[in-house]
Each structure stands twice: as C-alpha cells, then as structure tokens.
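Visitor: Given chain A's structure and the hints, the job is docking chain B onto it.
There are 2 protein chains.
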Amino acid sequence: MDFIQQDRIIATSAGKEKQQEVSAAVRQNGQTLADFSSIYSKDLLPAAGGEEMTRAFLQELVNILLTYISKSSQRSSKVLDFHHPHQLREGLDGFSLELPDQPDNLEQILVDCRDTLKYGVRTGHPRFLNQLSSGLDVIGVAGEWLTSAANTNMFTYEVSPVFILMEEFLLKKMQSIVGWSEDVGDGIFCPGGTISNLYSILVARYHFYPEVKTRGMGALPRLALFTSEHSHYSVKKSAAVLGMGCENVFVVKCDERGKMIPVDLESSIVAAKEKGLVPFYVNATAGTTVYGAFDPLNAIADICHRHTMWMHVDAAWGGGLLMSDRHKMKLQGIERAWSVTWNPHKMMGVPLQCSAILIKKRGLLQGCNEMGADYLFQTDKPYDVNYDTGDKSIQCGRHQDVFKLWLMWKAKGTEGFGSQVNKCLENAEYLFDQLQRRTDYELVFENKPEHSNVCFWYIPPSLRGLQPGTDRDMRLHQVAPRIKGRMMEKGSLLIGYQPLGTKVNFFRCVFSNPATQQEDIDFLLDEITRLGEDL
Amino acid sequence: MDFIQQDRIIATSAGKEKQQEVSAAVRQNGQTLADFSSIYSKDLLPAAGGEEMTRAFLQELVNILLTYISKSSQRSSKVLDFHHPHQLREGLDGFSLELPDQPDNLEQILVDCRDTLKYGVRTGHPRFLNQLSSGLDVIGVAGEWLTSAANTNMFTYEVSPVFILMEEFLLKKMQSIVGWSEDVGDGIFCPGGTISNLYSILVARYHFYPEVKTRGMGALPRLALFTSEHSHYSVKKSAAVLGMGCENVFVVKCDERGKMIPVDLESSIVAAKEKGLVPFYVNATAGTTVYGAFDPLNAIADICHRHTMWMHVDAAWGGGLLMSDRHKMKLQGIERAWSVTWNPHKMMGVPLQCSAILIKKRGLLQGCNEMGADYLFQTDKPYDVNYDTGDKSIQCGRHQDVFKLWLMWKAKGTEGFGSQVNKCLENAEYLFDQLQRRTDYELVFENKPEHSNVCFWYIPPSLRGLQPGTDRDMRLHQVAPRIKGRMMEKGSLLIGYQPLGTKVNFFRCVFSNPATQQEDIDFLLDEITRLGEDL
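Going down the list, the protein sequences come from chains A and B.
Count the first sequence with this note's numbering and you get residues 1 to 535, in order.
Count the second sequence with this note's numbering and you get residues 1 to 535, in order.
Only chain A is shown next, with the shape it has when bound in the complex (with noise of 0.2 angstroms):
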C-alpha cells in the first residue's frame, strides 16, 4: 500500500537517471514524509520514468485530503477561518496568489493545497448550514476524483461512451420517479439550476414558436411568462439573456407560507392576454429558496391546460424529496409538468455541481439547440449517433457531471438517498420544535416546514419589550447580519440570513447536510443566543 516505498518504474533510458536521484530525493526521510523541494511537475508523468514521482506526489496530496475530510467532520473543527479579501490579497503567512514566471517546486505546491484548505470554508462540516449544498459525500468525492482522472468531455459517445449511457439511464431514471411514462421524456444535465431553467424557457419558446431559432424575438409576439414572488431569481434572469426581458416576467402572488396563489396566477394570465402579451410560460417551485414551500402543482397544472401554456416546475431544492416515500406526496402533479428542474447536487448531497432539466417532449432540445457542427457531430460515424448528445446542449464541451451521481446511486440505492432526505426532514422538525419552544426565537411562520427550511428570528433581550413597528423592525433588521458577522469571526457555525417582502433580516436554516445532528441544531440556537445577547 505504500507507493513511494514500492518500485513499479517504467522508466527509458533517457529518465533513468533523473528517476533515481528522484527516488533518493522522495525516500530520503524514510515512509513519513517525502521531499519534494527537489522535484518539478516537469519530472512527472508524462516525463519519461515519471511514475513514481506522479504515485508519491498525488498520494501525498491524498493524504492532505484525507486529513482535511477527517477534520471537516469534527466538531471541535472550526468551520471557517474568517480573513478579509485584502489580507489573503496581500498574503498570510507566506502564502501568496501572485502567479509566477519561473516554476514553484512540488514541496511548495503541497503547502499551497494545505493553505488553501485552511483559509477556506469547510462545506461538508456538520455545523455548515449556509447554503441548500452542503455536506462532503466520500462516494460523491471518489466519483469526482476519477471524473477528473478519466478528464474527458460529454458531447460525443466516442469520447464519453460510458458516461453518455450513465446519463441516460439517470435521466430515464428520474423521468420515471418524476410519474413520467416510458414513452416520454427526454434531458440532459446542465451546469447549475439557473441554466437548467433557462433551458425550460429556451425550449418552451422553441416549441410554441420554432422559428425563434432563425428570426429571434423580433418575429414573435410579446411573450409573458409567471413566476411566484417566492421563486428564484432565474425566471428572470434567463428572460432577460434570452432576449425576452424581465419586465415580460409577472411575479404572482403568495400566501403566507410562500406557495403561489393559483387565482392571482390566473387572473395575472388573463391581465396580460388583455394587454395584448401572450401568455406561454409558467415556472412552479417545488421548495422555494428562502421558505422551503412547494407550489400548488395540481392546480397551476390545471390553469396551464386551460390556457394552453407551458408548465415547468422547478424542484432543483424539493427534487430529492422525490426520493423518499414519505415526502414525495408534496410534489403531487409534478407528472403534469412539460419540464422539470432538478437539481441532484442540493437535497440529494451530490458534489457540486450536479442538475438536470428534464423535458416531456422528445426532440425539442435536439431541434431547439442542435447546429450540426460537421467537425464533432459526423453522421457517417461507426457507431448509432443518437448517442452523440452533444449538439441538444446550449454548450459544446460539457463536463462531466453524471458520474459521481450514478456511483452514489450505486451505494446508496433509491431507498438510501430515501433515508438521506428523511433525515434532514426530521432535523428541520427538531429545530422548529426547538423554536417553538424558546422565548428568545420566533419563527417567521407557524406552520411546520414542509422541506428543511426553518426560518426564525433571534430576538436579543434589548428587543423583547419592543412593540411591533418600525422602530422595532429596524433594529430588529440589524441582529442577524451582526450576529453572522460575530459568527464568521469566531468559525464556529455558519448559517445565512435575508429579508423577504415586508420581513425584515431573519435567518435560514437549511438541512441537506448529512452530518448534521441534534446536538449541532442545540448548538446552533445556543450559539446565536451567545453572539446576539448583547445586541
């Protein structure tokens, strides 16, 4: 097992001599530690009698992730050492961004992994509650590592054979376990959420109006599109990359739990048919960002029929929901969906990054994107080209994003991820019964969470008096960021805060995280208790 000790040198005649005043260099402190102030990325493989240099060095790189995966896990880790932009612009203890001319040696590019670990953020620590990713899977990382080892590209089956059929059967899987039957359905996986639904609006406008593709938007009338005012920012945004503008996207109305309200949907619809726009496109949310709510799907669906529109449902935060039997009734009518994102890399703790856009209609993405690029997409190839999948995407190289997910797959089985997601279901319970319980919280609303959003209010006793009102409001809006700031400082937890509509900063806690227990959610109320008391 201990590849600087072993002799498995395929070195020319040419290497030779430079390989055994390496091997000499690495042994010389014995199995510890390697020296490495002698030795070049030059010396390693492809160099002639490289191999050697290339198994201590990597493993020696191994064995600083390994202790960095060890220690993210610990609790008695800190979860981040905070330091301003200009301190690690200028440098800290040695360690500097500045890019050289002449070439660092492989000793210094090891202290530069070990620094770069250190003043980073420690996402797979149990106490990171920052962000709908989190957590650190090792068979996730072990896919990530042979993804970047194999290092290749998913626009053809020629270069990508096994990759291009893992993708299809997670895409028919997820089709199937989204209510799609077998004849339908097509995807593919997509840079990040925010372009999966770009995807949904590219497609939606090539089904209703194909000619966009040749003439562009001028040729077509003026298009609406619906979104809740609980949604994520990128309705808007692809609207406005895609030529179609943001004032074009009508934000409906939610309720208090943050689900959009069909009859605001509808009467949004026939408001803007009398402006003279055409209605073609609704996105529902199956888990919104901030609320964690699922939209009515079953009764956006029915709108959607009636006025002839496109629905897509967007469940990048709620798809892995779908994964477990327990949960999976709040995503009811997502079979109705024309599109659907998903994204594996948030509830489901896939690597970043991992998301899918699924599509109903087959052949659209290949019609709506496809230019036939003679170079790469060769129709006299000797193999069926339908697996050369690469001209459906917006992309040309596309990397490789499906493979750690099908190897979590592997290990888990459906009903593991399942079990995954329950848990973090239950760890949201805990934490709104925590909340329900303390007279120092509120939460921001009284329902139980549907996903494993909890939203709340730290209020330090200087406020508890206070009457509802501005006065209140505005002070109240300066606790969180203070307290996130005190928390950054110290390392200890991380956790994100916003305001929404007429509420004033509170914070969100999201639980897609694995690690986490009970006793990091006692922790966590307890700590923001500690950082904002004075406040």
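Derived by calculation from the structure, the hints in this document are not laboratory data.
Where a beta carbon is used, it is the ideal one built from N, C-alpha and C, also for glycine.
Wrong hints could be hidden among the right ones.
Among the chain B residues that face chain A by a calculated CB cut under 8 angstroms, a handful are [as the list claims (entries may be wrong)]: (1) 58; (2) 111; (3) 112; (4) 250; (5) 251; (6) 382; (7) 496; (8) 524.
Guide: Then chain B, alone, in the frame of chain A:
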C-alpha cells in the same frame, strides 16, 4: 503512509462496535487488499467512527486511479476499448448501469470504478489526438481532487474566499497577457467556451442597448452579428439562445488558409446596413477549430472601430499561444478586442473544464446580469461585498474551475506553459514535414501550420491514380470514416476527421497533449496507412 494499518479512530461509543467489526474486515487480507464486501457507504464519514473506513476506501480508489494514470501514459496500452452503445447498455462482464433500490457494497463500488475506466477513453494517452482538449496534467488532477474535497460554490466570498481571489488574480493576469492596461478589465470563468462566447454577445448587446435587459429584443432594432465561415458554431448557437436569430449572423468568407477576409467583412457590414439591420458585433477567431487559423485582428479592429461595433476575439483555442514568446505575435491586435474568450482547458492542458471570458469594460457584466437576490447577495455583510462576484454570472451556483489552473501556473510558471505550447507546435511542424515527404498523404492546405492543427487526406493506393473530380471526391470522402472506424475497433489511436466547405472528409490532427512525442506522430502516419491501404 499506510492508512489501512493506522489507527486514527475517532469513534463515539455508539460507533465503536461497528468500527471494530469493520476494522477487522479491512485488515482481513493483510496489507495487500482490504475486504470491502461487508462495508457500505453508510459506514463511511460522517458516520460515527467512519474515519478509518473512509481512509481505506479512498485509498483503494486512489490505487485504482494511480494505476489508470500510469497505464494511460504507456504506449503499450490501448487508447480505448470500443463497445457499441447497445453492448454497454445491456451490461458487459457484470458491469451493469442499472440503478438499484438497495445499496451495493463498497467492493462492488470499486469494481464499478475499475469497469468505468476500462470501457472509457484514455484522453491522456500520448496517441489521443481527437480533441482540442487532451492530455492529463498531474498537477491539474491534484487541483481537481482538492476542488472536489473543498466542494464549494463560486457565488460569494463568504463560501469561497480563497477561490474568489484566485479567480481575480487569474483574470488580471490573463488580461495583462492579452495586453490590456491595469485600469480596465473584468471577466468570469464559465462552463466552456461556447458559454464564454455567449457572454460576449450578451454583454455587447447590453452595452449598446441596456434596455434589452428589461424590455427584450422586441424593443430593439434588428441587430446583425458577423463571424467567419471557419469560426465556431457557438456564435450562431448563442444568437439563437439569446433570441437574436441565427439568420442575423452573417458569415464572412475566409481565404484558403481559413482566415477571415477583412474586405468581405466590411462589405457584409455595409450590405446589412443597407438592408436596415444594425451591425453591432464581430467575432474574430484566434485559432479556428479545424484549420487552427488566426483571423487578421488588427484589420478587423480597424473595421469595428470605423463602424462602432463590438470586437470579440474567440481565442478559446488560440489563447494558449499568448503564453509563448515565440508564438504570441500570431494574436497581434487582440489587445484591441472588447472581449476575449480563452480556454485554458485546451492548449494549456488544464483539466476540463476551464474557460474564461474577459471583458474590457468594467461594470458591464454586473449591470447586464445582476438581479440582486437578497438571500445570497446581502449588502450588509461584514466584508467588502464587491467580492461576491456571483451576480455577474448568468448562473447562480457556479463550479469552481480556477484552482487547478492557479495550481498549474504555480507549478509550471508562465514559462512552463510557454514551453508546453512550443512543444505542441513543434509536433505540428514535424507532422507537416512528414506529410510533405510522403506520397500517400495530401495536405489540405500547403502553408506551414500557425497553430497545432494539421489537416490532411490519406490517399489509399486504389485512389492514387485517379483524376481530381466527383468520382475521386466521393471515394475519398469515405476513406477517413472507414479508417476511423477501424482505429476505434483496434483502439490504437484516436484522431478526428470532418468535411469542410467543398473539401471532402479529411483528418485533422491537433496537438495539445504534452505526452505526445515524435514517435507517436510516426506511428500515427504508419497506422493510418496500415488501416487504410486496402480501401
């Protein structure tokens, strides 16, 4: 150094029993191979007491990857072991792509990793010459391994402090190499060159017509874009995505060497204006995909200046030459561009993916794309929020693609990248020289290569006496695909082919793989001859 033998166990009392059981299992076969058949992913971190098993599992995976990396660099290995899609779908020697309900044990997971690599394509092999991205840089792989262990997202400084600053340093360095002064320049790393090119059009459109963001293309005149007939299809694809319409992309003629003809550009611009269109954007290519041609940037810049048009340079492929003192003059005039696409994952050998869009005018990216989501981009944070670069992006979550490039730059220095580029271009010249000498090959164009692309036909004996004309063309058109098919079956080599304009299928050899030596080039020609001499 032996993780399986060492005992750094952090077990809670709950995990201890399982821990001891599994420790026995991983030790069962002594030092050589652990027994993972009774271990499951749930036994790994963050499970209590999962540290030893995590180390043992990742160590075994690394063994597999190190063997793969070593083998990929050996000429005696095959480049690929081809199977048809239906063979892989049905399962080969127990390798099944099906996704189970119940978890597989870690022994099976490791077998799956081995099989995935076995049936894949070795893109780091010295004889993989199929793509503009090839080779396997060990430092780059180390960078990717760290990236996946760090598993974070590029939207805010809060969660990616080090990587956000590395991106800033890299962008500034690349801008200075392009030739921009220190007081201009912005940019962002993107998921591939097509998306980088899409950004250039998006930002150019916003620069001239900021109202497009709100109002859409319907509020704008009919805009015209210009790109050469040899340029990448991403300009047309982006025009379709952005709602501008492919028919408004005007294709400018090239000379026999594949360079845009400036007078044809200018007359196209004038003609479009006469038809009532508004020309606003020119894409010049520095390193075309097939020929590797460099458009005359200064002449194009003059035309853009005269017509007040945005000049973009697609240097996705050619940008690497800027690292070489010997070759950078081929991009003279690039400093006059308003935006530049540059993919370090191509000529600089960085693992996929790593692509930058550089924008000369600061503030445009932010203005064009910002949506100011409160939950992510709070303005009341305890640090300089100008470092929260995520709102510049058309993505929300963004994969971290910069660390591997930063680490390679440290390890090679600017000069090391320069030598690597020089070596690839020397290979191209060597191939060009060999082709000139051989009677069984014909060059597609006679000029010495400017980049590392070399385009040629193999002429089998049966075609050598034929007169130029349709009959010969039709037969020659079938030669490259048939040789390619045999090459894939045999697995000895991988090189691309395509037709272009009136030219029938020809081979395009590209060198970006630092593993490739002259002996591989000799092998390439001999092997093509062997595979094709009976055609």
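Visitor: State for each hint whether it applies.
Guide: Here is what the structure says about each hint:
Interface restraint check for residue 58 of chain B: the shortest CB-CB distance to chain A comes to about 6 angstroms, inside 8 angstroms, so the restraint holds. The criterion of a C-beta within 8 angstroms of any C-beta in chain A is not met by residue 111 of chain B, whose closest approach is roughly 10 angstroms, and the hint is violated. Annotation: interface hint on residue 112 of chain B holds; nearest CB of chain A at approximately 6 angstroms, less than 8 angstroms. Nearest Cβ of chain A to the Cβ of residue 250 of chain B: about 14 angstroms, over the 8 angstroms cut. The hint is violated.
Hint status for residue 251 of chain B: violated, given a least beta-carbon distance of 13 angstroms to chain A, over 8 angstroms. Given the 8 angstroms rule on beta carbons, the hint for residue 382 of chain B holds: about 3 angstroms separates it from the nearest Cβ of chain A. Taken as an interface hint, residue 496 of chain B checks out: its beta carbon lies about 7 angstroms from the nearest beta carbon of chain A, inside 8 angstroms. Restraint check, residue 524 of chain B versus chain A: the minimum CB separation of about 17 angstroms is more than 8 angstroms; hint violated.
In this structure, the hints that do not hold are numbers 2, 4, 5, 8, in rising order.
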